[in-house]
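**Q** Sequences listed follow chains P and G, in order.
For what it's worth, the numbering used here labels the leading residue of the first sequence as 1, then goes sequentially.
For what it's worth, the numbering used here labels the leading residue of the second sequence as 115, then goes sequentially.
Hint data in this document are derived by calculation from the structure and do not stem from the laboratory.
A couple of the hints might just be wrong.
What the hints assert, rightly or not - Label pairs and their computed distance ranges (CB to CB):
| hint | chain 1 | residue 1 | chain 2 | residue 2 | range |
| --- | --- | --- | --- | --- | --- |
| 1 | P | His95 | G | Glu166 | 18 to 28 Å |
| 2 | P | His73 | G | Val159 | 14 to 24 Å |
| 3 | G | Asn167 | P | Tyr10 | 36 to 46 Å |
| 4 | P | Glu58 | G | Asp181 | 23 to 33 Å |
| 5 | P | Lys9 | G | Asn141 | 31 to 41 Å |
| 6 | G | Val159 | P | Asn51 | 17 to 27 Å |
| 7 | P | Ser20 | G | Thr140 | 29 to 39 Å |
| 8 | P | Tyr101 | G | Lys220 | 21 to 31 Å |
| 9 | P | Lys67 | G | Glu166 | 28 to 38 Å |
To be verified - Derived contacts from chain P toward chain G, CB cut-off under 7 Å, selection only:
| hint | residue |
| --- | --- |
| 10 | Tyr33 |
| 11 | Phe42 |
| 12 | Leu43 |
What the hints assert, rightly or not - Heads up, simulated DSSO-like pairs for lysine-lysine below, C-alpha to C-alpha not over 30 Å straight-line:
| hint | chain 1 | residue 1 | chain 2 | residue 2 |
| --- | --- | --- | --- | --- |
| 13 | G | Lys171 | P | Lys36 |
| 14 | G | Lys177 | P | Lys41 |
| 15 | G | Lys220 | P | Lys9 |
| 16 | G | Lys131 | G | Lys185 |
| 17 | P | Lys44 | G | Lys177 |
| 18 | P | Lys40 | G | Lys117 |
| 19 | G | Lys177 | P | Lys40 |
| 20 | G | Lys171 | P | Lys44 |
| 21 | G | Lys169 | P | Lys41 |
| 22 | G | Lys177 | G | Lys131 |
| 23 | P | Lys44 | G | Lys117 |
| 24 | G | Lys220 | P | Lys44 |
| 25 | P | Lys41 | G | Lys117 |
| 26 | G | Lys173 | P | Lys36 |
| 27 | G | Lys169 | P | Lys44 |
| 28 | P | Lys22 | P | Lys36 |
Computed from a predicted structure; not experimentally measured.
No residue lacks a Cβ here, since even glycine has one placed at the ideal position from N, Cα and C.
For reference, the chains in residue letters:
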Amino acid sequence: DTAVSQTPKYLVTQMGNDKSIKCEQNLGHDTMYWYKQDSKKFLKIMFSYNNKELIINETVPNRFSPKSPDKAHLNLHINSLELGDSAVYFCASSHTRERRYGYTFGSGTRLTVV
Amino acid sequence: SQKIEQNSEALNIQEGKTATLTCNYTNYSPAYLQWYRQDPGRGPVFLLLIRENEKEKRKERLKVTFDTTLKQSLFHITASQPADSATYLCALALSGGGADGLTFGKGTHLIIQP
Numbered sequence: 001d002t003a004v005s006q007t008p009k010y011l012v013t014q015m016g017n018d019k020s021i022k023c024e025q026n027l028g029h030d031t032m033y034w035y036k037q038d039s040k041k042f043l044k045i046m047f048s049y050n051n052k053e054l055i056i057n058e059t060v061p062n063r064f065s066p067k068s069p070d071k072a073h074l075n076l077h078i079n080s081l082e083l084g085d086s087a088v089y090f091c092a093s094s095h096t097r098e099r100r101y102g103y104t105f106g107s108g109t110r111l112t113v114v
Numbered sequence: 115s116q117k118i119e120q121n122s123e124a125l126n127i128q129e130g131k132t133a134t135l136t137c138n139y140t141n142y143s144p145a146y147l148q149w150y151r152q153d154p155g156r157g158p159v160f161l162l163l164i165r166e167n168e169k170e171k172r173k174e175r176l177k178v179t180f181d182t183t184l185k186q187s188l189f190h191i192t193a194s195q196p197a198d199s200a201t202y203l204c205a206l207a208l209s210g211g212g213a214d215g216l217t218f219g220k221g222t223h224l225i226i227q228p
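Taking the hints into account, I'd like the entire structure generated from these sequences.
**A** Given below as structure tokens:
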């Protein structure tokens, strides 16, 4: 199946821990993103990578560090987790020259910090 | 400040009628606008894209209009069905090139009553 897949789907962890979320796309897209959806369902961009190069880095704490080993992968590492980091994190991808197909999102990772 | 507003928390429509959802924006000059559908526990799914120089786009039972003077997009679902019940998100892209991220509205929860 062609898709954006992210793992894990659920992540429950204690404050202060470090965790990673992995994302892979097999659509041949050249740009990947991380979005955060908070409890009010507001979807906000965090990072954008184009061909492994960081393009957008919105105002997020530097505890969040994206890593793109290749065009098909964009992982999100979070250090020293805080209660306020609890949210659903979505990975997405797009083709910069074929905008009419929009963005393809993964199914999300629900992070709960306790 | 920049703002994207979508109408009401929930919109109840009787099956078979046309559902019309509104997206208003301020202090943006978007290159294009997209509409997404999001079901509970899932990632957004791309529906339609309309560019700043286009007035209307159609896809099956869906129609999107874009008025850059009013700074408004309308999203119509004709012959609505209970399966159309979901949250619909409006998203703006500020530039036509590069790895631009999307800025999303909070979404409208649409409920189609049988």
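**Q** Confirm or reject each hint.
**A** Evaluation of the provided hints:
1. At roughly 20 Å, the beta carbons of histidine 95/P and glutamate 166/G sit within the given window of 18 to 28 Å.
2. Restraint check, histidine 73/P to valine 159/G: a C-beta distance of roughly 22 Å satisfies the suggested window 14 to 24 Å.
3. Distance hint for asparagine 167/G and tyrosine 10/P: a CB-CB separation of about 43 Å, consistent with the stated range 36 to 46 Å.
4. Look at glutamate 58/P against aspartate 181/G: about 28 Å separates their beta carbons, and that is inside 23 to 33 Å.
5. The given range of 31 to 41 Å is respected by lysine 9/P and asparagine 141/G, whose C-beta atoms sit roughly 37 Å from each other.
6. Distance hint for valine 159/G and asparagine 51/P: a CB-CB separation of about 25 Å, consistent with the stated range 17 to 27 Å.
7. Between serine 20/P and threonine 140/G the CB atoms are about 38 Å apart, so this pair conforms to the stated range of 29 to 39 Å.
8. For the hinted restraint 21 to 31 Å between tyrosine 101/P and lysine 220/G, the CB-CB distance of approximately 24 Å keeps it satisfied.
9. For the pair lysine 67/P and glutamate 166/G, the supplied restraint of 28 to 38 Å holds, since their beta-carbon distance comes to about 35 Å.
10. For the restraint placing tyrosine 33/P at the interface with chain G, the shortest Cβ-Cβ distance is roughly 6 Å, inside the 7 Å limit, so the hint holds.
11. The beta carbon of phenylalanine 42/P is positioned within 7 Å of a beta carbon in chain G (closest approach about 5 Å), and the interface hint is therefore held.
12. Using the Cβ-Cβ criterion of 7 Å, the hint placing leucine 43/P at the interface with chain G is satisfied: the shortest such distance is roughly 4 Å.
13. The hinted pair formed by lysine 171/G and lysine 36/P meets the criterion: a straight-line CA distance of about 29 Å does not exceed 30 Å.
14. For the hint linking lysine 177/G to lysine 41/P, the alpha-carbon distance of about 24 Å falls within 30 Å, and the restraint holds.
15. For the hint linking lysine 220/G to lysine 9/P, the alpha-carbon distance of about 22 Å falls within 30 Å, and the restraint holds.
16. Annotation: proposed proximity of lysine 131/G to lysine 185/G holds, straight-line Cα distance about 26 Å (limit 30 Å).
17. Proposed proximity of lysine 44/P and lysine 177/G is supported: the alpha carbons are some 25 Å apart, at most 30 Å.
18. This hinted pair checks out: lysine 40/P and lysine 117/G have alpha carbons roughly 16 Å apart, not beyond 30 Å.
19. For the hint pairing lysine 177/G with lysine 40/P, the CA-to-CA distance comes to about 27 Å; that is within 30 Å, so the pair holds.
20. At most 30 Å may separate the alpha-carbon atoms for a hinted pair to count; lysine 171/G and lysine 44/P meet this at roughly 26 Å.
21. For the given pair, lysine 169/G sits about 29 Å from lysine 41/P by alpha-carbon distance, which is consistent with the 30 Å threshold.
22. With a C-alpha separation of about 14 Å, the suggested pair lysine 177/G and lysine 131/G falls inside the 30 Å cut-off, and the hint holds.
23. Under the criterion of a C-alpha separation no larger than 30 Å, the hint pairing lysine 44/P with lysine 117/G is consistent with the structure, at around 13 Å.
24. Between lysine 220/G and lysine 44/P the alpha-carbon distance is near 10 Å, which keeps this suggested pair within the 30 Å criterion.
25. At roughly 16 Å between alpha-carbon atoms, lysine 41/P and lysine 117/G fall within 30 Å of each other, so this suggested pair holds.
26. For the hint linking lysine 173/G to lysine 36/P, the alpha-carbon distance of about 29 Å falls within 30 Å, and the restraint holds.
27. Between lysine 169/G and lysine 44/P, the direct Cα distance comes to roughly 27 Å. Compliance with the 30 Å bound is thereby established for this hinted pair.
28. Pair hint lysine 22/P plus lysine 36/P holds up; C-alpha atoms about 14 Å apart against a cutoff of 30 Å.
Violated hints: none; the structure is consistent with every hint.
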